[in-house]
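Which chain is which? The protein sequence lines are A and B, in order.
Numbering that gives the first Met the number 0 puts the first residue of the first sequence at 0, with every later residue one more than the last.
Numbering that gives the first Met the number 0 puts the first residue of the second sequence at 0, with every later residue one more than the last.
Certain hints may be false.
Okay, derived cross-link-like pairs now, DSS-like style, lysine-lysine, Cα gap no bigger than 30 Å in a straight line [stated by the list, open to error]:
hint	chain 1	residue 1	chain 2	residue 2
1	B	K96	A	K135
2	B	K299	B	K164
3	B	K543	B	K476
4	B	K106	A	K135
5	B	K477	B	K245
6	A	K135	B	K164
7	B	K247	B	K261
8	A	K37	A	K22
Keep in mind the hints are simulated off the structure, nothing from the lab.
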Amino acid sequence: MPLLKNGSIIIDDWITLGLDDPKPDSGDIVVPYARLLKEWESLTDHDGRLGVIFTNIDRVEALTLFLPRLALIVLPFPSFTDGRAYSLARQIRETGYGRELRAAGNVLPDQVQFMLQVGFDSFEIGDRFTAEVWLKASRQMSLAYQRGLYRTPGQHDVWSERHREAEPWLEQPHAG
Amino acid sequence: MYRYDEFDSQFVNDRVSQFRDQANRRLTGELSEDEFRPLRLMNGLYLQLHAYMLRIAVPYGSLDSAKLNTLAYIAEKWDRGYGHFTTRQNLQFNWIKLEDTADILAKLAEVEMHAIQTSGNCIRNVTTDQWAGAAADEIADPRPIGELVRQWSSLHPEFSYLPRKFKIAVTGSPNDRAAVKVHDIGLRLHLNDRGERGWEVLVGGGLGRTPVIAVTVRDFLPEHELIGYLEAIMRVYNLYGRRDNKYKARIKILVHEIGAEKFRAEVESEYARRPHADTKVEERELQRISAYFAAPKFEKLPRWSATFEEARAKNKDFANWVRTNIAAHRADGYAIVNISLKPEGGIPGDATADQMRVVADLGQRYSFDEIRVSHHQNLVLPHVKRDDLFAIWKVLQASDLATSNIGLAGDIIACPGLDYCSLATARSIPIAQSISRRFADLNRQHEIGPLRINISGCINACGHHHVGHIGILGLDKKGEEYYQITLGGSSADSASIGTILGPGFAGEDVPDAIEKIVNTYLAHRQPGEEFLAAYRRLGPQPFKEALYAAA
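Same shape as in the complex, but just chain A (with noise of 0.2 Å):
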């Protein structure tokens, strides 16, 4: 499946394990969460990255032990319409996650900037659509009202450029 991530196209070079198929001896793996689970002491020690497939009803406080050895965290849209991955999104990356964050399932273009906005960095995006649909409905809002979101380049939030006369540090009284 060809990939979305940072403006360009990219073929997905993990390799994605079900629950029982063989684990290869190398190479970057993503297994489903309740592998993860199950086989943590032998995945742990696995020669190459480990993501991980984490499913819409878990809860992202059961990754937090697991986090910093994991390179990617794949959030499932099981139909776009499903908005559970977004919070569960932000909650990791609020977490100080910093890794990649991948958006799979039925994922659709006018959908990528919100995605984008709450931290997802990459996406699983079919053949559906050219590269030029994906990347122009990625960009088609240059504004938003919420502070504290993830930004593309031109892409900035109201109360920043709203108040940018006025930064607090500026303002405020300094002890020296």
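Based on the hints, put chain B in the right spot on chain A.
For chain B alone, coordinates are given in the frame of chain A:
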């Protein structure tokens, strides 16, 4: 009235281009109807029985003459010359073409309006008191917080694919005119001992098939924490609200299923865990917004207006109109004018383009260019000199806008029903019209006193039937429309859900049934006792007997 700065304008213009592109992709077949649906809904475009319907946001119900004149222009250019004001203080056009929609949105953007999030499973247009900034009983104007919430909730990336729609209402008055207890989130302003502002946060109220009164999750949330706390509530709902059954997907079901205590604990733990720097309500932003809502420069006027008193003494029709349609203003010599969109036999909430222009002109000349939409589907001129009331009444009268029935039997709330809506199971409009004709005698309406009749054409309850003193719900039984009647509902401070009286009625029998209920009230009431109070004292029994005993 809030004014867009360059950023608000750019945001809305971006949104118009985005929708134009989406609509083009739908028209060329690149997007399927299933894929296009949530995109068009987030721009207020529904597919109804006969055509597309476009619902335009009127944030917290505030309009000026330029906005209202533009709505009149759209009604004539792209619709059939009229529009329908809704119970969310919005305006909908019922005969729109998909091909025209982007042009209409561009026209709206010229007067700082949009249709963002007037439908779809996202945070809807925030509503508030239609008398905000004018009411004599107000603690503070709720509109700055309404605007803050509008901006925060606009295209919120995390909360645009919720389990179901989400409605927020705000009140700044102890006398709740915004129905905060029957919203997904209701916000109610309080002052503490030190005079600081805080918000009572109510969650999980709603109508629909499962009517529920909201529970309070915070008694006094400091104002600067408001957005962060709303985000915590929204996140808990987004993650744990049911998605398996759309009739159980509203937040009220989640609150009910896990219990108010557990729900509160989830919200508090989410709130405690999150960083607050990015959601803090900054004083300077709140001040920036509040400045737009500063009270107009009222003249120093005596409380007593000779012109007004003389007109009232001389003209009985005017005096009647004053009794029902005028409310107390906080400034001496001023009044709030409520314009009824419920003429005898009319369609509740409908206004023609000409009527919109008349009201726009009155607003500009007499009310500091402010016009409001009420959730009772009427219009309001919030700041009018008492000296001008008679002149205004004359103009309204010439345009069939002076019906003196605000809050009375003829002031019926009704959804569009089966005449337009693809969800409806029965018609609402003809029922409203027949009741309105039955109670056409205004003297009788005044004699009956305050009475709220609310009609919904299906169980989704867009006509708020659960909180009508008399509620009417249109249902379908084997292809026949019939109407269930509830009594004792209220959306005011002492909010309550109406009780079903018994078997339903055929449409043509509804006016008789309503008349029997009203006559029972008149026979039993104590001096000065209003319908709702009498019902609460008497209970359903005498009304049941009147309706069903003879049959």
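Against the structure, the hints:
1. Of the pairs offered as hints, the one joining K96 of chain B and K135 of chain A holds, with about 26 Å between alpha carbons and a cut-off of 30 Å not exceeded.
2. Between K299 of chain B and K164 of chain B the CA atoms are separated by roughly 45 Å; this puts the pair beyond 30 Å, and the hint is violated.
3. Distance check on the hinted pair: K543 of chain B and K476 of chain B sit about 22 Å apart at the alpha-carbon level, within 30 Å; holds.
4. Restraint check for K106 of chain B and K135 of chain A: the C-alpha separation of about 24 Å stays at or below 30 Å, so the hint holds.
5. Under the criterion of a C-alpha separation no larger than 30 Å, the hint pairing K477 of chain B with K245 of chain B is consistent with the structure, at around 24 Å.
6. For the suggested pair K135 of chain A and K164 of chain B, the alpha carbons sit about 28 Å apart, so the restraint of at most 30 Å is met.
7. Using a Cα cut-off of 30 Å, the hinted pair K247 of chain B and K261 of chain B holds, with the two alpha carbons roughly 18 Å apart.
8. Taking the CA atoms of K37 of chain A and K22 of chain A, the gap is about 14 Å. The hint holds against a cut of 30 Å.
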